[in-house]
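Trainee: This is what each chain is made of:
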Amino acid sequence: MNKSSLKKINSLTELQKLIEYWAGRPQPEKIVSLSAASCGRASGALQIASALEKCLEEFKLDGRVELKLTGCHGFCQLEPDLIIFPEGYFYPNLRPEQVPAVVEKTLLAGEFIPELAFTDPHSGKVYRRIFELPLYQKQLRWLLDAHLKLDPSSLEDYFAQQGFSALLKVLRWDNQERVIDLITASGLRGRGGAGFPTGLKWRLARKTESQEKYLICNGDEGDPGAYMDRGLLESNPFSVVEGMIIGGYATGARKGFIYIRQEYPLAVARMEAARQSCYQAGLLGEKILGTEFSFDLEIIRGAGAFVSGEETALIASVEGRRAFPRQRPPFPVVSGLFGQPTVINNVETWANVPLIIRQGPEWFSQVGTTTSKGTKIFSLVGQVKFTGLVEVPLGISISEVVQEIGGGAPKGRKIKAVQTGGPSGGCLPVSMFNLPLDYEALQAAGTIMGSGGMIVLDDSTCLVDLALYFLRFAVSESCGKCVPCRLGTAQMVDILERITRGEGQLADLEQLNKLGRVMQKGSLCGLGRTAANPVLSGLRYFREEFETHVVRKQCPALVCRKLITYAIDREKCRRCYLCLKNCPFGAIKKEPDGWPYVDEELCQSCGLCLNTCPKEFGAVFKKPRYREVSEERPMDDENNKGPGRK
Amino acid sequence: MNSNLKPQERIRQLLRHYPRERHHLINFLHLVQAEFGYLPEEVVELLSEHFSVSPAEIFGVATFYSSFRIDRPAEHEIQVCQGTACHVRGAEAILEEFSRQLDKYYGEQNWSGKVSLKKVNCLGCCAISPVAMVDGLLESRVTPAKVKAIVRKLSKNDSPESQRERDEQE
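Chains as they are written, first to last, in our numbering: chain A, 154 to 799; chain B, 7 to 176.
Derived from the structure by calculation, the hints contain no laboratory data.
Just so we're clear, the structure is a prediction, and the values are computed from it rather than from any experiment.
Keep in mind that the hints are not guaranteed to be accurate.
DSSO-like mimics (lysine-lysine), calculated; alpha carbons at most 30 angstroms apart, straight line [what the hints assert, rightly or not]:
| id | chain 1 | residue 1 | chain 2 | residue 2 |
| --- | --- | --- | --- | --- |
| 1 | A | 768 | A | 564 |
| 2 | B | 159 | A | 715 |
| 3 | A | 768 | B | 12 |
| 4 | A | 160 | B | 124 |
| 5 | A | 278 | A | 302 |
| 6 | A | 775 | B | 120 |
| 7 | A | 258 | A | 322 |
| 8 | A | 775 | B | 152 |
| 9 | A | 567 | A | 322 |
| 10 | A | 776 | B | 152 |
| 11 | A | 161 | A | 213 |
| 12 | A | 278 | A | 161 |
| 13 | A | 768 | B | 120 |
| 14 | A | 564 | A | 160 |
| 15 | B | 162 | A | 291 |
| 16 | B | 154 | A | 734 |
| 17 | B | 162 | A | 564 |
| 18 | A | 734 | B | 120 |
| 19 | A | 776 | A | 734 |
| 20 | A | 408 | A | 322 |
| 21 | B | 12 | A | 734 |
Between beta-carbon pairs, the in silico distance windows are [as the list claims (entries may be wrong)]:
| id | chain 1 | residue 1 | chain 2 | residue 2 | range |
| --- | --- | --- | --- | --- | --- |
| 22 | A | 425 | B | 163 | 28 to 38 angstroms |
| 23 | A | 664 | B | 14 | 48 to 58 angstroms |
| 24 | B | 154 | A | 257 | 31 to 41 angstroms |
| 25 | B | 143 | A | 747 | 42 to 52 angstroms |
| 26 | A | 164 | B | 43 | 15 to 25 angstroms |
| 27 | A | 350 | B | 163 | 46 to 56 angstroms |
| 28 | A | 213 | B | 163 | 20 to 30 angstroms |
Stretch by stretch, here's where chain B covers chain A in the computed footprint (C-beta under 8 angstroms, at least three residues) [as the list claims (entries may be wrong)]:
| id | segment |
| --- | --- |
| 29 | 358 to 365 |
| 30 | 411 to 418 |
Virtual Cβ for every residue (Gly too), placed ideally from N, Cα, C.
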């Protein structure tokens, strides 16, 4: 859509007519929807796009077929993918050379091409249509379905999906309290992790008397393994803008800031384009749509600091300072940005607002548990068959998400745990998988809902190593302002490193627990208070695994490098000596009879031999470095001290 | 660098029409970094004047955030994602392999000026993990073999002849 064609909308009636026009416009014969968010582009979506454009022109289809470069379709592992509407045919992992066939057969002749379809690698079943795919079965895609037919740079496309009709409704009511009542009644809670009721937050900000008030959209999605907000910002930027305009109207704020982490360049670009379109159309700026209400929006790029996701640190960062959190109270709704009342909500929270206004609070709250309403987007990733961005009704069990939507473990693997909430969350074992996704239930179980990262772990993941990974992350991201977080995280890393080296003692586990409690109680902000969660939940549910590292000096998942070594299976080895040639430490030697073997004294467990051994042989395997430590040999025995020995 | 001006002059030029409110500081630092690839030391004093805050404050912000750098960058930048999904799919081994291949193609300890190899916290493409960003382009499902191909391509562009020699040796 040509952006310069956007005319300023001068009244509410004009907006209504526009929405009616675009929503009622006859659909083209076919819509070809190509996923072109960051994941899609990394997998070659733009090459597909140019191949498609060329083909459409060649077959003179450009008028009848509309090619849309949309945002995320959700089945991220199959990018780039193509959906052809109205049938909903789905072609995953497309390559440019396959494009002519798609155009000729499916677009011209209306035939489906089974060879290009998604085939379940395990059952061999061929899936023709997108909503037949297992990943989509149990989802409730209130927010995500909009992405499928929406060009994120087109305001008209957003109108076609009833976009800005919520704003229209709100401005016609001319009653701010009514908006807040409605959001409160819907039961919407903050989607960034803490789950604070959105309606209450807005009311507190509205009640605070002040000349200036601000809104902030928190798009500093720092949890490793989570990308729901990137998905929304890249795929449907207008919904976030509309949510914020409504929020500004309801709370009395005249200015909003969208803070996006700089690791998401495409999200920044799309939000900026959406912002400019809205200014041109008179949906942002002075006297919006001819009413007395004015609202300005600015985009701020983050600069790489996990702590700036914490709201008081975020405020500091928006102000152009170092992202240091500060003591609360006063809460931002009373004294936030530039010392003024400020409402901070997460991207997904803002995106939910127009939906709730449009459909009503009863519609929204019909789904969920007593305290957690509506849907939540999760990024389902890790060791699971199907990975992607999924949206589910709150209250659904973890098992339904992992086993049914995610399809369970890949062949030959066994799921061990699921990690939610990123570095602030914890791991839940399979035995807890019947737990509902609900803010309170997850917290009671020692993890948090978080912003929606859900990482599935199988038996090849070591929980000690994972805890160490998160704590190292916390050390490097701790801002250093308060002692419990700054020193506590470093101390935990020290202890965990010792354990992964096989030099831990049982007392270390108690020490970890104690440290964790102190950090939870004594840290200044959410980062420090939750930083110990990965360790504490690990100790709570996987204590045995920690103890095995300490007592038997073994890593059951064969991950901790100092505790493993490699060996060569003679049954499978073809004596190509690739491993021997590639070993950087000369640790692979030849027996007199010509068989290669690993000299464990020299082996540094780099794993190069495993990688170089041709896949079809698969003769190199991992094994514990230390055999059973028997009872009669005490742990401080010279021979069993682990790799410390010389 | 798309200008022949000295950093000081170019930054002054950029600042000419830039708002003076403090909260534009980080966005401006992004602008300078996009221009020079790093933050030249002149930035501190000039911005201190422009935004009316102490030089120490500017330096503090410039060094607090991990995406700003105050030293000249290498010609190529490789960022290996260390997000959780990448971690459990072997991101650490990928990082090591990059280092090993760089040693091989550029000579040991010889690549630090030409290539910078960094860890990055989650690039948000977890479903196609492990991922790495090579000169701004995202590489998905990175394997040791792919690492080798990436490094080979980088070094090839750097010096075509030495590459041919290495290829012949293999």
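Trainee: So, for every hint listed, does it hold in this structure?
Mentor: Structure-based check of all given hints:
1. A/768 x A/564: Status holds; Cα separation ~17 angstroms.
2. B/159 x A/715: Judged against 30 angstroms, a Cα distance of about 33 angstroms means the pair is violated.
3. A/768 x B/12: Measuring from Cα to Cα gives roughly 54 angstroms; hence the hint is violated.
4. A/160 x B/124: Roughly 46 angstroms between the alpha carbons, so the hint for residue 160 of chain A and residue 124 of chain B is violated.
5. A/278 x A/302: holds, 27 angstroms
6. A/775 x B/120: violated, 35 angstroms
7. A/258 x A/322: Roughly 45 angstroms separates the two Cα atoms, so the pair is violated.
8. A/775 x B/152: holds, 23 angstroms
9. A/567 x A/322: violated, 51 angstroms
10. A/776 x B/152: holds, 26 angstroms
11. A/161 x A/213: Violated - the C-alpha atoms of residue 213 of chain A and residue 161 of chain A are around 34 angstroms apart, more than 30 angstroms.
12. A/278 x A/161: violated, 51 angstroms
13. A/768 x B/120: violated, 33 angstroms
14. A/564 x A/160: violated, 55 angstroms
15. B/162 x A/291: violated, 49 angstroms
16. B/154 x A/734: holds, 17 angstroms
17. B/162 x A/564: violated, 39 angstroms
18. A/734 x B/120: Given that 30 angstroms is the threshold and the Cα spacing comes to 28 angstroms, the pair holds.
19. A/776 x A/734: The hint holds at about 21 angstroms.
20. A/408 x A/322: holds, 21 angstroms
21. B/12 x A/734: Distance of about 51 angstroms is beyond 30 angstroms: violated.
22. A/425 x B/163: 28 to 38 angstroms: holds, 32 angstroms
23. A/664 x B/14: 48 to 58 angstroms: holds, 53 angstroms
24. B/154 x A/257: 31 to 41 angstroms: Between residue 154 of chain B and residue 257 of chain A, where Cβ atoms are some 38 angstroms apart, the hint holds.
25. B/143 x A/747: 42 to 52 angstroms: Holds: the Cβ-Cβ distance is about 45 angstroms, inside 42 to 52 angstroms.
26. A/164 x B/43: 15 to 25 angstroms: At 49 angstroms between Cβs, range violated.
27. A/350 x B/163: 46 to 56 angstroms: holds, 55 angstroms
28. A/213 x B/163: 20 to 30 angstroms: Taking Cβ atoms as reference, residue 213 of chain A and residue 163 of chain B lie about 40 angstroms apart, which means the hint is violated.
29. 358 to 365: violated (count 0)
30. 411 to 418: Since three or more residues must qualify, the claim that chain B covers the segment 411 to 418 of chain A holds, with 3 doing so at under 8 angstroms.
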